[in-house]
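Participant: First to last, the protein sequences are chains R and S. Counting in the numbering used here, the first sequence runs from 1 upward without gaps. Counting in the numbering used here, the second sequence runs from 1 upward without gaps.
Think of the hints as simulated: they come from the structure by calculation, not from any bench. Don't be surprised by glycine CBs; every beta carbon is placed ideally from N, CA and C.
When the alpha-carbon atoms are kept at most 27 Å apart in a straight line, the in silico BS3-like pairs for lysine-lysine are as follows: (1) R:K309 to S:K253; (2) S:K340 to R:K354; (3) S:K203 to S:K253; (4) S:K333 to R:K224; (5) R:K275 to S:K313; (6) S:K112 to S:K60; (7) R:K275 to S:K340.
Some chain R residues judged to face chain S by a derived CB distance under 8 Å, without partners named: (8) D81; (9) C82; (10) S86; (11) K90; (12) N276; (13) L301; (14) Y304; (15) E312; (16) D315; (17) P316; (18) F317; (19) P319.
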Amino acid sequence: MFTRNWKHLCRRYSQAVTFRTSEIYPAQHNENQIGLFYTIKPDLCKQLFNHGGLPKSFMKQTKTFTETAIMVRQPALDIMDCIRASDMNKPVIRYVLYGEKGSGKSLTLAHLLHYALEEGYLILHVPWVSEWLRRTPRHKEMTNSQTKEGFVDLPLDAAEWLLHFKTQNQALLKNCELKISKDYEWSKREKTEAGSPIAALVEHGINRVKYACDVIDALLLEIKILSNSKQCKTFVAIDGFNSFYYPMTRLNTPTKKKIKPEEVTLTNSFLELTKNDWNNGVVVLTIDQLAVPDENQESFLPRYLLYKKGFEHLDPFVPIEVGRYTDKEFLSCANYYRDRLWLRGPSDLETELKFTSASNPYNFMLQCAPL
Amino acid sequence: MSILIKRSKSGCFNSACNVKLWRLNSTSADSALKKGEEEEEFRVLDILKKRDKMQRRVVKRTDVQPDRIDRMATNQNWGNVWPGPKTFHPSSVPLPIRQGYVPKGQAPPGKKANAELMKIPNFLHLTPPVIKSQCEALKQFCTEWPNLLNSEESIEKHYPLEIISSDYCHASPSIRNPLARVVILRVQLADLKLDKHATDKFKRLVGDRYDPKTDLVTITADRCPTKVQNLDYVNYLLTACYHESWNFEDWEKEKTEDDMEYYDWDNNASKRSLIDWYLRVKNELKIMNDEEYKAFDISQIENGAQYKASVSKYMNEGENPQTVQEYSIAVRKLFGLPQKKLV
Numbered sequence: 001m002f003t004r005n006w007k008h009l010c011r012r013y014s015q016a017v018t019f020r021t022s023e024i025y026p027a028q029h030n031e032n033q034i035g036l037f038y039t040i041k042p043d044l045c046k047q048l049f050n051h052g053g054l055p056k057s058f059m060k061q062t063k064t065f066t067e068t069a070i071m072v073r074q075p076a077l078d079i080m081d082c083i084r085a086s087d088m089n090k091p092v093i094r095y096v097l098y099g100e101k102g103s104g105k106s107l108t109l110a111h112l113l114h115y116a117l118e119e120g121y122l123i124l125h126v127p128w129v130s131e132w133l134r135r136t137p138r139h140k141e142m143t144n145s146q147t148k149e150g151f152v153d154l155p156l157d158a159a160e161w162l163l164h165f166k167t168q169n170q171a172l173l174k175n176c177e178l179k180i181s182k183d184y185e186w187s188k189r190e191k192t193e194a195g196s197p198i199a200a201l202v203e204h205g206i207n208r209v210k211y212a213c214d215v216i217d218a219l220l221l222e223i224k225i226l227s228n229s230k231q232c233k234t235f236v237a238i239d240g241f242n243s244f245y246y247p248m249t250r251l252n253t254p255t256k257k258k259i260k261p262e263e264v265t266l267t268n269s270f271l272e273l274t275k276n277d278w279n280n281g282v283v284v285l286t287i288d289q290l291a292v293p294d295e296n297q298e299s300f301l302p303r304y305l306l307y308k309k310g311f312e313h314l315d316p317f318v319p320i321e322v323g324r325y326t327d328k329e330f331l332s333c334a335n336y337y338r339d340r341l342w343l344r345g346p347s348d349l350e351t352e353l354k355f356t357s358a359s360n361p362y363n364f365m366l367q368c369a370p371l
Numbered sequence: 001m002s003i004l005i006k007r008s009k010s011g012c013f014n015s016a017c018n019v020k021l022w023r024l025n026s027t028s029a030d031s032a033l034k035k036g037e038e039e040e041e042f043r044v045l046d047i048l049k050k051r052d053k054m055q056r057r058v059v060k061r062t063d064v065q066p067d068r069i070d071r072m073a074t075n076q077n078w079g080n081v082w083p084g085p086k087t088f089h090p091s092s093v094p095l096p097i098r099q100g101y102v103p104k105g106q107a108p109p110g111k112k113a114n115a116e117l118m119k120i121p122n123f124l125h126l127t128p129p130v131i132k133s134q135c136e137a138l139k140q141f142c143t144e145w146p147n148l149l150n151s152e153e154s155i156e157k158h159y160p161l162e163i164i165s166s167d168y169c170h171a172s173p174s175i176r177n178p179l180a181r182v183v184i185l186r187v188q189l190a191d192l193k194l195d196k197h198a199t200d201k202f203k204r205l206v207g208d209r210y211d212p213k214t215d216l217v218t219i220t221a222d223r224c225p226t227k228v229q230n231l232d233y234v235n236y237l238l239t240a241c242y243h244e245s246w247n248f249e250d251w252e253k254e255k256t257e258d259d260m261e262y263y264d265w266d267n268n269a270s271k272r273s274l275i276d277w278y279l280r281v282k283n284e285l286k287i288m289n290d291e292e293y294k295a296f297d298i299s300q301i302e303n304g305a306q307y308k309a310s311v312s313k314y315m316n317e318g319e320n321p322q323t324v325q326e327y328s329i330a331v332r333k334l335f336g337l338p339q340k341k342l343v
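Isolated chain R (complex conformation) (with noise of 0.2 Å):
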């Protein structure tokens, strides 16, 4: 029993230094660590990624690897790079991940979720805009909007991501500094009065599932007026961005009437989040083909995915690709899949590997799974 333990150690040691990093702060990553695996700790993940985030496949392993580690890629440190370069007196700068299909983009985002965390921001983050919009459970929740006309509402997915929004920003939420500036009047009875904290907004939201939608509207006016007085600095992270902008969704009224994505209540809430009419704030976006249906995934570059209306609203942002592995980072990657008994095997085996996934990160974890 010992020396099996002694020997595993001793394969953990050699090992180690090839593939992990122990620095688990995000803001600390540099070039150096570019390949590298850090580990976010357990409840930190519970925290940020507890009602989505990341990708299912990758939640599976994470499991499977009884840790959640991520690789320390180029993308990810040029935003923050960038972030710390940027004057946030001056709008908010879009920036947006594009990539091929599973090249880690949403996994980017994660990492830079974490850094904003870690960095203090209130976070804003969709797990994936298409379950809005393009999911469609048998009994999806859609009523039509109490206050604007002609509009849907989609209370439940509000609600959620109210739940969500909650999880993610519990501390900054606790400390009572982020105040409402405003009367929100819901009903005769209820009413949310100016001066009270936001997480009393988020909590009417969740209870109040009716007025959910409504909630996000004025959550989200009141956090940018908040930060624009900077009472806090914010973070916005959407996943799947593109979908706002794809023709129609999945979604259809009661009297099967097609519903356009910009019928969607939720859906003009964030595109007013994502235009660079207010400051001490960053907006990460990810536009990604597998957010909208198969005929049209012919390009994944945002000009494509965007159409012409998206990427005006957008228009300047900064584009960043999220591009497949380096021939370091998939040996890195490699070397963490042996390490965790995922992969075994000869050790020419990476090289045929990378041939028949072309590194790219998804197809290489999914070609590892049976060996």
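Guided by the hints, dock chain S onto chain R, whose structure is given.
Facilitator: Just chain S now, kept in the frame of chain R:
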């Protein structure tokens, strides 16, 4: 028919025998016969025409002239022997030419009585000395080559219109080739005097006949049967397109930004968002109308020009990794962000 003839022949034979027999028997009749011959009282109908058979005509062979080639001097002027295009004639051509199907183990048929040689057009009238002498004769009508047209560029500059057609020469009974009628007209778009609107309209009119890479407009005509007609037709087409592109129709005013053939940054949302961003940075945001946006001078915005160029290229050239990269560089410069580090 043949049977009839045979009968009559046998009948005749019998009658002749009878006559002889009758003659031997009668002397008086014999004398009378003599008398008749002298006096020719009756003409005898000679049915079989045995008497004066036509003499066979003896075919007189005319004297065969010796071949002309045998009488040719070696230093003769060939141009006089064969002055113009004509069908091959063996006795005029002092060359041991052979042409035609080659039987096994034999030489190809010689030039005499050889139809193969007559079928094909020949160029015996265009020997180099003849051409030379003809050129000499034509020289007096030629003018001098202009001195200034000494290079390809100057020729292109002064004669921008290029007409391309082909002549064909081949071994078949007809010297016509249907492809010879095709006429191609080529002209550089820059050589045509067109303004911005007219250029756009001209491009739309000619469609894919315009190649943006080389700036050449190529008009091909092959619908008329002859080359001259096609030449007239291409000239007509060019003229018509040119004048039509200068026309400004009423409905052209309805052209919107979506109909534009290229991305004009100044008219697009990109300029508006850049200006809005700039004014927000300076905290001078104001509501402007379209004219003000168009009139706004972006040279006061640092790195604005590069941003403009990159967006225009992004839109005009189409989206590819290269243009996205350039856009990224321009935007980072605009925002004052560090450039992407190369790993």
